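Quick mapping for you: the protein sequence lines, in order, are chains A and B. Our numbering numbers the first residue of the first sequence as 1 and each following residue consecutively. Our numbering numbers the first residue of the second sequence as 1 and each following residue consecutively.
Read the hints as simulated data drawn from the structure, not as lab findings. A few of these clues could be false.
Taking lysine to aspartate or glutamate and the EDC-like style, the derived pairs with C-alpha atoms no more than 16 Å apart in a straight line are [to be verified]:
(1) A/K136 - A/D197
(2) A/K108 - A/E98
(3) A/K113 - A/E98
(4) A/K272 - A/E228
(5) B/K119 - A/E57
(6) A/K374 - A/D284
(7) B/K264 - B/D130
(8) B/K193 - A/D73
(9) B/K193 - A/E57
What you are looking at is a predicted structure, and each value in this text was computed from that prediction instead of being measured.
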Amino acid sequence: MDKVSLRHVWKIYPNAKNVAPAVQDFNLDIRDGEFMVLVGASGCGKTTTLRMIAGLESITKGEILIDGKVVNDLSPRRRNIAMVFQNYALYPNLTLLENMAFGLRLRKMEKYKINDIVSERAKKLEIDHLMDRLPKDVSGGQRQRVALGRAIVRDPSVFLMDEPLSNLDAKMRVQMRTEITRIHRELGATTVYVTHDQTEAMTMGNRIVVMKAGLIQQVGTPEEIFNEPANRYVAGFIGTPPMNFIGGRLIRTDKGFAFSNAFMLMLIPEEKLTPTLVKYADHDLIGAIRPDYMTAKAVNGKGKNMENGFYGTLELSELVGADRYLHVRYNQQNRSEAPVVIRASIHDRYDEGTRLLVQADMNMLLFFDINSGKRIL
Amino acid sequence: MAEKKRRRITVRYALHRLRHIKASTVVILLLLTIVAAVSILPIIYIISNAFKPLSELFLYPPRLFVRSPTLQNFYEFFYSTDVSAIPLSRYIFNSLFVMIVTVAMTLIFSSACAYAFSKMRFPGRKWMFDMIIIALMFTPEAVVITRYLIVSNLHMINTYFAHILPHLALPIGVFLMKQFIDQVPDSLCEAAKIDGANEVRILLNIIIPTVLPAVGAVMIIAFQNVWSDITTSTFYMVDESMKTLPYFVSTLSNALAVASVARKGAVAAAGLLLFLPNFLIFAMLQKSMIETMVTSGIK
């Protein structure tokens, strides 16, 4: 059964005239026990959507259902939800114990039950030794755990998390990421998680919603989002370093169809030729390939390469741990175009300015419509 | 042993700091000391006057410190009501009762009002807050006639309502509290809402404890307003039994012209007694008061 459903949900701020609605026609069904991540650049409407589910923001149009009940007119406390805020929002005047117990006390639960459940959940989060302290006396990571603890003591229908890790330092963030995933697995609670960090989205989500300017771009599993992005925006948003986009044309050659421009001619494997793609023959389109699916080697070649690759000059070589990002430029005339980035190994060390032959794994090449940005293949 | 060692370190540290003091710091400290000395003079004068025997009270030139202290003035003050029908305790009760109720209710109204202005969105919100700010500009003297008409038309003359109600609307209290509540992140209220708290509980359990400095400041202001208020007793109270202690003291000193010079001692004692609560309240809340002045940028 669907735990949370959003049906044609709109959010329009009355005072923001001439501005696109914050959320437009949002449709989504979140299954029971699912970890759903809303991801997008800031201002894309993901937090507004979350706040509408929480009841902190009114819904302009459409309806939201939790456990099959329309909750549009219910106040936050009657929706049986728990929320973790970006700035933790711990009550500064209460001890950590009281912070976690606050909601339970308001629900008139018996004292001994409160103590039991709080200490059990605190142990699970490894903060049970801090329960007498005030929020200001513990570290950021511990505060985050308490905020999480305050949510999980209540056994709500849905957990809502609004960028809960963005105030932590990088190391702590990675640690809390696995922690939240672990707790989600243990409790099996339905979770809606908002983030702008695509790594968090990819590692934590059962499914991901990519949003842009109030519109859903794609809903899918991390694999789907990564390998079959619905459009150029999703393709460019997910993945580090981002996907490479190359302008070109689909042409017929005597060896079959090929993607070509002034610098390259790449034969498309037979099995990849779908009827939709064939329709683009002799049309301009955008080829795209992830940096992971390309290799580079130093070759002193010039002109147009015919072996599914192209020649280029190494412009910048970035060392990122075990990987090395090679920024290769094939078109020296057009400096405004971004260079192609290749993920190489740390051992592929070339001097900047070296001529490289870049070859692509043609099975991994994607195509996007030049006008609509939608994926063709 | 450890204690001794620590003290030695502190002393050495203090000496070390003294040696590195700048000339400008010395000047500033000197000036501050002078200002502090000047402002403490009246307090010393009030205290020592209360204990002066008659001979010293009328001494010319007056002395700052008392030579031969006596409690005579206090006896005189406590028996000064013997001639009137109302015992002194009645004035004290009136003052305390009015003060406690007014301060408590002012806190409730100011914080609730400020919370609404700060965290809720409702039509006319800005306009209403502007009105409160404008109200800040009027001195009590400017509105004394209108106030009298209101109190009189509401038939509150000669009741405790007239003592309390006019003091409850404290624009500066609303303003101060709002400045503080604005600093409380919205997400704190939202978290409480999701936890299941209603607005009253959010205000009492979350907001008030986080803005305690402002609460202290509003308490001081409200207290001073009501404690030193003579006009209410003068204008709105008919029966002597409804009037407050400051009013009674003021009649003592006014009576100077007709009554005996002996009253001068009673007034000095009353002056000290009236000043003491002021002093105690301020001593208790001074930290929060100063915090408020610093953070809210107003005096």
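Looking at the structure, which of the earlier hints fail to hold? 1, 7
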